[in-house]
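Asker: Heads up: the sequence lines are chains F and X, in that order. Per our numbering, the first sequence starts with residue 906, numbered consecutively. Per our numbering, the second sequence starts with residue 906, numbered consecutively.
It is worth saying that the hints were derived from the structure and are not from the lab. The reader is advised that the hints may include incorrect statements.
Given that identical chains are not distinguished, each listed pair holds provided it fits within a single copy or across any two copies.
As the list claims (entries may be wrong) - Listed below are the simulated DSS-like cross-link pairs for lysine-lysine, each with C-alpha atoms no more than 25 Å apart in a straight line:
| no. | residue 1 | residue 2 |
| --- | --- | --- |
| 1 | Lys1017 | Lys918 |
| 2 | Lys1012 | Lys1041 |
| 3 | Lys1017 | Lys961 |
| 4 | Lys961 | Lys1013 |
| 5 | Lys1037 | Lys1013 |
| 6 | Lys1004 | Lys910 |
| 7 | Lys967 | Lys940 |
| 8 | Lys1004 | Lys961 |
| 9 | Lys1013 | Lys967 |
| 10 | Lys1037 | Lys940 |
| 11 | Lys1012 | Lys918 |
| 12 | Lys1017 | Lys940 |
| 13 | Lys1013 | Lys957 |
| 14 | Lys1039 | Lys918 |
| 15 | Lys910 | Lys1012 |
| 16 | Lys1013 | Lys1041 |
| 17 | Lys910 | Lys1039 |
| 18 | Lys940 | Lys910 |
| 19 | Lys940 | Lys1039 |
| 20 | Lys918 | Lys987 |
| 21 | Lys1037 | Lys910 |
| 22 | Lys910 | Lys1013 |
| 23 | Lys1041 | Lys961 |
Below are the chains, spelled out letter by letter.
2 protein chains.
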Amino acid sequence: MDEPKYTISNAAKLMGISVHTLRMYEREGLIIPFKKSSNQRLYSDRDLERVKCIRKTINDDKINIEGIRRVLALIPCWAIVKCSAEDRSHCEFFSGYTKPCWMINHKKNVCKDRECRTCEVYQSFGSCSSIKDKMKELLP
Amino acid sequence: MDEPKYTISNAAKLMGISVHTLRMYEREGLIIPFKKSSNQRLYSDRDLERVKCIRKTINDDKINIEGIRRVLALIPCWAIVKCSAEDRSHCEFFSGYTKPCWMINHKKNVCKDRECRTCEVYQSFGSCSSIKDKMKELLP
DNA sequence: GAAAGTTGATATCATTTAGTATCAACTTTG
DNA sequence: CAAAGTTGATACTAAATGATATCAACTTTC
């Protein structure tokens, strides 16, 4: 499931989209593929699941990319990774609301040792209702 | 601030937009103006503040209307109005994720006596970072 | 009671946006 | 080492989206 096994052209073929589209989703911060040391992208089955979710949100639900990014920026990562008050006060994400946390430089907090690609926060958007489900889980 | 005092044409003039645009925002579920018994709309200063926020989100942040609605659908109303497990299990909003709670029929729960227009949930979107601020308030 | 304004609807328009095609330089693969 | 594939960039296109204009029926206002 998490094994990075598809090259970008294979992934694109499997999803029925162009290679460029996959790179665009990445540039827009919607997906983080695995990268080999040579910078070549590789996609796992979970990645493809995520792409499917992105496509559904764009094509069926008619939400544009900026909109998706804004939704992702609402994921309460601070409550998920349980970062300290100290961390929060230095975190650009905690105060901002336009970009998801993984698009932001976070070297000096609890996230510095985490890989965003495998982080629970990033993966909250694996399937399409999952962000709200995550919130239900976190809130009383 | 909350007094409904502007007719739709006055409100439109104050915001520099057309009357139709205000009605569109309403149809799309982004705003709930006061309505006289004759069905005529009236806008308060707080309403205009909200319209300003909507316009900024559409024109500057480039998020489309569906996107805004999806963001609004993430407001964790259940934690704000503290509705019961019973209420939640019957609430179409609690399980859905495409429409804000005030676009949904809620006659048989704690919201039946509330007016959405003045509800804290609806007003979480008064200014533009306020939804995330609300979440910080609710989460540990 | 007449003029001005409002409502909801439809048709239309200008702009934006997601996505494709094409390109040269670089990397992988067999 | 040569063919196939990848990377990042730019130019372009078809479709969708926010917004305006126009309409007849109805209300408000003076």
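Asker: Could you figure out if Lys910 and Lys1012 sit no more than 25 Å apart (CA to CA) within one copy, between two copies, both or neither?
Answerer: neither (29 Å within a copy, 50 Å between copies)
Asker: Is the C-alpha distance from Lys910 to Lys1039 at most 25 Å within one copy, between copies, in both cases, or in neither?
Answerer: neither (28 Å within a copy, 41 Å between copies)
Asker: Is the C-alpha distance from Lys1037 to Lys910 at most 25 Å within one copy, between copies, in both cases, or in neither?
Answerer: neither (30 Å within a copy, 37 Å between copies)
Asker: Up to 25 Å between alpha-carbons, please classify Lys1004 paired with Lys961: within, between, both or neither.
Answerer: both (20 Å within a copy, 16 Å between copies)
Asker: Please work out whether the CA atoms of Lys910 and Lys1013 approach to 25 Å or closer within one copy, between two copies, in both situations, or in neither?
Answerer: neither (32 Å within a copy, 50 Å between copies)
Asker: Between copies, within a copy, both or neither: which fits Lys1012 and Lys918 at Cα up to 25 Å?
Answerer: Classified as neither: same-chain Cα gap 36 Å, cross-chain 48 Å, threshold 25 Å.
Asker: Is it within, between, both or neither when you check Lys1041 against Lys961 at 25 Å Cα-Cα?
Answerer: within (23 Å within a copy, 29 Å between copies)
Asker: Reference check for the pair Lys1037 and Lys940, CA-CA at most 25 Å: within, between, both, or neither?
Answerer: neither (29 Å within a copy, 32 Å between copies)
Asker: Is it within, between, both or neither when you check Lys1017 against Lys961 at 25 Å Cα-Cα?
Answerer: neither (32 Å within a copy, 33 Å between copies)
Asker: For the identical chains here, do Lys940 and Lys1039 meet the 25 Å Cα criterion within one copy, between copies, both, or neither?
Answerer: neither (27 Å within a copy, 36 Å between copies)
Asker: Given identical chains, is Lys1017 near Lys940, meaning Cα to Cα at most 25 Å, within a copy, between copies, both, or neither?
Answerer: within (18 Å within a copy, 52 Å between copies)
Asker: Can you tell me if Lys1013 and Lys967 fall within 25 Å by alpha carbon in one copy, between copies, both or neither?
Answerer: For Lys1013 and Lys967, the Cα distance exceeds 25 Å both inside one copy (37 Å) and across copies (31 Å).
The structure fails hints 1, 3, 4, 6, 7, 9, 10, 11, 13, 14, 15, 17, 19, 20, 21 and 22 (numbered hints given earlier, in ascending order).
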